[in-house]
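A.B. asks: As a plain string of letters, each chain reads:
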Amino acid sequence: MSDVTSAAHAPLLRSPLHERHAALGAKFAPFGGWEMPIEYAGGGVLKEHTAVREAVGVFDVSHLGKARITGAGAAAYVNACLTNDLDRIKPGKAQYTLCCDDSTGGVIDDIIAYLHSDEHVFLIPNAANTTEVVRRLAAAAPEGLTITNEHADHAVLAVQGPRSAELLAALGLPTDHEYMSFEPGTLNGVELTVCRTGYTGEHGYELVCPADRAVEVWDALFGTPVEARACGLAARDTLRTEMGYPLHGQDLSPEISPVEARAGWAVGWKKPAFWGKEVLSEEKANGPVRVLWGLVATDRGIPRPHMSVYVGEDIVGEVTSGTFSPTRKVGIALALIDTAAELTEQDQVEIDVRGRRSTFVVTKPPFVTPSVR
Amino acid sequence: MIPENLRYTAEHEWVATSGTPVRVGITDFAQDALGDIVYVQLPEPGTEVAAGDSFGEVESTKSVSEIYAPVSGTVLARNEALVDSPDLINTDPYGEGWLVEMQPADPAAIDALLDADGYGKLTES
Chain L
1 MSDVTSAAHA PLLRSPLHER HAALGAKFAP FGGWEMPIEY AGGGVLKEHT AVREAVGVFD
61 VSHLGKARIT GAGAAAYVNA CLTNDLDRIK PGKAQYTLCC DDSTGGVIDD IIAYLHSDEH
121 VFLIPNAANT TEVVRRLAAA APEGLTITNE HADHAVLAVQ GPRSAELLAA LGLPTDHEYM
181 SFEPGTLNGV ELTVCRTGYT GEHGYELVCP ADRAVEVWDA LFGTPVEARA CGLAARDTLR
241 TEMGYPLHGQ DLSPEISPVE ARAGWAVGWK KPAFWGKEVL SEEKANGPVR VLWGLVATDR
301 GIPRPHMSVY VGEDIVGEVT SGTFSPTRKV GIALALIDTA AELTEQDQVE IDVRGRRSTF
361 VVTKPPFVTP SVR
Chain E
1 MIPENLRYTA EHEWVATSGT PVRVGITDFA QDALGDIVYV QLPEPGTEVA AGDSFGEVES
61 TKSVSEIYAP VSGTVLARNE ALVDSPDLIN TDPYGEGWLV EMQPADPAAI DALLDADGYG
121 KLTES
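Protein chains in written order, with my numbering: chain L, 1 to 373; chain E, 1 to 125.
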């Protein structure tokens, strides 16, 4: 485990926007090996969360990984490795997909794949998993393909909320393209990619730009008549939890399969091959031993990851993500529950919240209606 | 700004030095570290506590912190306004965001706590 130890002691990487965050009084925390803003002075999770639900928020998510696969057959190769079916989308579109372990079916990472052409696919994996995803793709790649880890080369700014289109339009950027597609744009001479993607459940965009021009883009986003709020990763987490979007390392992991996590929609089951196809197809046919459910508190309890879920005195599962929902003003959780417990929607379970039992209703996420389109 | 007229614990509670019963709360430093507070669990009036006992919880969107009795005594009242507006702790930690009122077993125990200078040194980064 020496490599794990050294990783823990490695200095944290910083976003090219670090000075901007510090000037805004951000609180920082380590996230996937990066020191990123969690919330801002004068903001806080609730204000930042509400800004995204009701107006527009800007997140620096430059910690997200970036990798590029180029060469003849690049898209076909990615399609033979990652779970979702790239043939379902056209160039200019993006797709949520998974990198699974071929032997266990566990999720190494969840990824957005941007299909530029048959010869060019861009990936945005999670920060902490980028090296491993790139390693696996490079190790299995046929001759003639180039797999490049471009993690620190690009910054990513997420512009999310009902006024996001208005904000980008004020800067002359394209806004009318459909959900999960991307278009090139230019902002004060900076060339960037405007992706109709996000992790908040709101109409939004993610701007991918050169890391050394990120400050100019950030400043431009806060220089229009459309008032945007800087938002940290804490609000990003409450926003995504309200949508039931999984977070890798909590709701997805090498120990959790896509079948268990209800991410089967992101698997091209009929494809001839993808990593984990054999084991996952078998699990799908037999039914998983546990499955992800949403839980909503009926009292004041706020669930947290790893808390036990009870039916009577039997532990039937564990919370994978849990928080206070700022929109619904109640505790919400994603929890992996034994299928043997035979729970269905509207059933009640209990969670042990530090020694006290709180009652929750079983539900299917999302907890808040998405407005991504 | 750390009010001069209060006493403090190393666990970031404050205690009023005047009035009977005495008010107890958490400091501005503590509320800032916690972030937006969404839920507060406080002891029932009549609860007897010993100094250092955990007697409640303050929960924010991202974490939960125990509250410790700054001195021994009896809880006489709790701030019922916090049930609907736990954010009062964030906006006015030394005023409207107070947590409980206590009858200290020994009022002199309050004087033995940290003063504003001592608490300030503790929280200097």
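Among the hints, erroneous ones may be present.
Taking lysine to aspartate or glutamate and the EDC-like style, the derived pairs with C-alpha atoms no more than 16 Å apart in a straight line are [to be verified]:
hint : chain 1 : residue 1 : chain 2 : residue 2
1    : L       : K329      : E       : D87
2    : L       : K329      : E       : D28
3    : L       : K27       : E       : D84
4    : L       : K47       : E       : D32
5    : L       : K270      : L       : E143
6    : L       : K47       : E       : D106
Okay, the calculated beta carbon distance ranges per label pair [to be verified]:
hint : chain 1 : residue 1 : chain 2 : residue 2 : range
7    : E       : F29       : L       : E191      : 41 to 47 Å
8    : L       : E132      : E       : T17       : 21 to 27 Å
9    : E       : F29       : L       : G189      : 42 to 48 Å
If we take Cβ atoms under 8 Å as the criterion, some of the chain L residues that face chain E in the derived model are [claimed, not checked]:
hint : residue
10   : L13
11   : E39
12   : V45
13   : A234
14   : T298
15   : P305
Source of the hints: derived by calculation from the structure; they are not laboratory data.
Note that the coordinates shown come from a computational prediction; the quantities given were computed from them, not determined experimentally.
Even for Gly, the Cβ is constructed at its ideal location relative to N, Cα and C.
A.B. asks: Each hint needs a verdict: does it hold in this structure or not?
C.D. replies: Structure-based check of all given hints:
{"no.": "1", "hint": "L:K329 <-> E:D87", "in the structure": "13 Å, holds"}
{"no.": "2", "hint": "L:K329 <-> E:D28", "in the structure": "24 Å, violated"}
{"no.": "3", "hint": "L:K27 <-> E:D84", "in the structure": "27 Å, violated"}
{"no.": "4", "hint": "L:K47 <-> E:D32", "in the structure": "14 Å, holds"}
{"no.": "5", "hint": "L:K270 <-> L:E143", "in the structure": "26 Å, violated"}
{"no.": "6", "hint": "L:K47 <-> E:D106", "in the structure": "42 Å, violated"}
{"no.": "7", "hint": "E:F29 <-> L:E191: 41 to 47 Å", "in the structure": "45 Å, holds"}
{"no.": "8", "hint": "L:E132 <-> E:T17: 21 to 27 Å", "in the structure": "57 Å, violated"}
{"no.": "9", "hint": "E:F29 <-> L:G189: 42 to 48 Å", "in the structure": "44 Å, holds"}
{"no.": "10", "hint": "L13", "in the structure": "22 Å, violated"}
{"no.": "11", "hint": "E39", "in the structure": "6 Å, holds"}
{"no.": "12", "hint": "V45", "in the structure": "4 Å, holds"}
{"no.": "13", "hint": "A234", "in the structure": "5 Å, holds"}
{"no.": "14", "hint": "T298", "in the structure": "14 Å, violated"}
{"no.": "15", "hint": "P305", "in the structure": "11 Å, violated"}
Taken one by one, the earlier hints fail for this structure at numbers 2, 3, 5, 6, 8, 10, 14 and 15, listed in ascending order.
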